[in-house]
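If you read the protein sequences in the order shown, they are chains A and B. Here UniProt numbering is used: the first residue of the first sequence is 1, the next is one more, and so on. Here UniProt numbering is used: the first residue of the second sequence is 1, the next is one more, and so on.
Derived by calculation from the structure, the hints in this document are not laboratory data. The structure displayed is predicted, hence computed values, not measured ones. A few of these clues could be false.
[To be verified] Reference excerpt, derived from the structure (chain B facing chain A, CB under 8 angstroms, subset only):
hint : residue
1    : P13
2    : L67
3    : V77
4    : P79
5    : E80
6    : G82
7    : S86
8    : A113
9    : Q118
10   : T123
11   : L129
12   : Q140
For every residue, glycine included, the Cβ atom is placed at its ideal position computed from N, Cα and C.
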Amino acid sequence: MSTETHPTDSKPDPRRSTGELIRLEQVTKRFGDHTVLDHLDFSVDAGKHVTLIGPSGSGKTTILRLLMTLLKPDEGTITVDGERLFPAPEKQVREIRKKIGMVFQQFNLFPNMTVLRNITEAPVTVLGMSKDEAEERARELLELVGLTEHVDKHPAQLSGGQQQRVAIARALAMRPQVLLLDEVTSALDPELVAGVLDVLRDIARSTDITMLCVTHEMNFARDISDQVLMFDSGRVIEAGPPEKIFSEPEHDRTREFLSAVL
Amino acid sequence: MKWDWSAVADFMPHFWDGLLVTLQILVLGSLISFVLGLVWALLMRVPTRWVTWPVGAVTEFVRNTPLLVQLFFLFYVLPEWGITFSALTTGVFAIGLHYSTYTMQVYRAGIEAVPAGQWEAATALNLPLRRTWTAVILPQAVRRVVPALGNYVISMLKDTPMLMAITVLEMLGEARLFAQQNFQFTEPLTVIGFAFIVISYLASLALRALERRLVH
């Protein structure tokens, strides 16, 4: 069949995997009596952009935090690029973590460092990059997010939108295969949202990075997603391409949710 | 009561000696308390009771017993076990140790005040634990606690005369010695009283300047 992916069709970068990159199997996460994720199964293929939508408290953010190893699941297994992330020894976790970058709702830039050092800190100390190389790359990334003139400023001197764009550059500086975006525009003033989303659209278009995105920006989700997952009460109740989910959702809960947010 | 300027003049050489000793105690004692307090605060975060329990017990004990008792103990009891230091060394160590049990609380509060998001960002960037502490957490924690540490420096200054009890001739010791030899109490005690005010005022000015430099 002509549409079948052939091994020789894969991207030239050997580090990039094709096929399934992330797999969650029967993952359960509880906080006290509250079950946030209930025997969840799902997988993401390399290079895909997947958006998680659903009401607050439905477990979307928890999935990102599990993948970033900020939380541990109570049950189930998580696999990234064929290797166990949980359960796994600390050394293996550190290796897998190198493949994953995350951008947070509250930016979480290091306030004691300049913009430049926020971006170069991890490439130098974790990847062992030379300072010059890391700085050169940081400047390229700052150009990508449109902040070249702010290299020597501290985060407190920047607007929320600018801080978030630095945070995106910081995550990309580690050359992750997967980028996790956790409600990255929710803490921003409305007029600053567009700038951040434009940067992300640009990245989605121009790189082969896999994106997992929790957002309430439905237009953005429609633009960048290959697949949209609708969450409710710790389960995926509906999944599909954005055209289908946004235009003709099958599930009543999806319809209700979309009519409330659109 | 009459004021005798010649007594002031006679006391001044002794005053300078005492001032030098007081400043030595203050500077070295502060350094010890800053470093040791940080060590205690970090040890209390080691995730095993085998560390936190003994450290907690020792620091709690030191904090809740009087400095004067500790000075006497270190100066008069330790030599019986063959451990001997000069009065000044013993005094500096005692006051530094005593205040480290306060500064550790200050550091703890500073470390806890660093938002969880900073730890999360460090994890997401895969920074090693050591690097997370030295490059991310401590710079932010220490910046927050400089004013509180400064208050303990002033407080320590006012405790330095206690070292007189173990024969250290700091300012009060010199003043008392002079007073007893010359039967003139007013002048030397007034002089050192002013000196304490001036030192604490200068110290607080220096700390405020440091605070301003740390906040940008």
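Hints and how they fare:
1. Look at P13/B: its Cβ only gets to about 47 angstroms from chain A, farther than 8 angstroms, so that hint breaks.
2. Contact between L67/B and chain A, as hinted, is not supported at the beta carbon level, the nearest pair being about 35 angstroms apart and thus beyond 8 angstroms.
3. Interface restraint check: V77/B against chain A, minimum CB-CB distance 45 angstroms, threshold 8 angstroms, status violated.
4. Proximity of P79/B to chain A is violated relative to the hint, the smallest CB-CB distance being about 46 angstroms (cut-off 8 angstroms).
5. About 49 angstroms separates the beta-carbon of E80/B from the nearest beta-carbon of chain A, more than 8 angstroms, and the hint is not met.
6. Taking 8 angstroms as the C-beta cut-off, the interface hint given for G82/B is violated, the closest approach to chain A being about 46 angstroms.
7. The beta carbon of S86/B comes no nearer than 40 angstroms to any beta carbon in chain A, farther than 8 angstroms, and the hint placing it at the interface is violated.
8. The beta carbon of A113/B is not positioned within 8 angstroms of any beta carbon in chain A (closest approach about 12 angstroms), and the interface hint is therefore violated.
9. Interface hint at Q118/B: satisfied, since its Cβ lies 6 angstroms from the closest Cβ of chain A, which is below the 8 angstroms cut-off.
10. Restraint check, T123/B versus chain A: the minimum CB separation of about 6 angstroms is within 8 angstroms; hint holds.
11. A cut of 8 angstroms between beta carbons decides the hint on L129/B: the least distance to chain A is about 10 angstroms, and the hint is violated.
12. Interface restraint check for Q140/B: the shortest CB-CB distance to chain A comes to about 5 angstroms, inside 8 angstroms, so the restraint holds.
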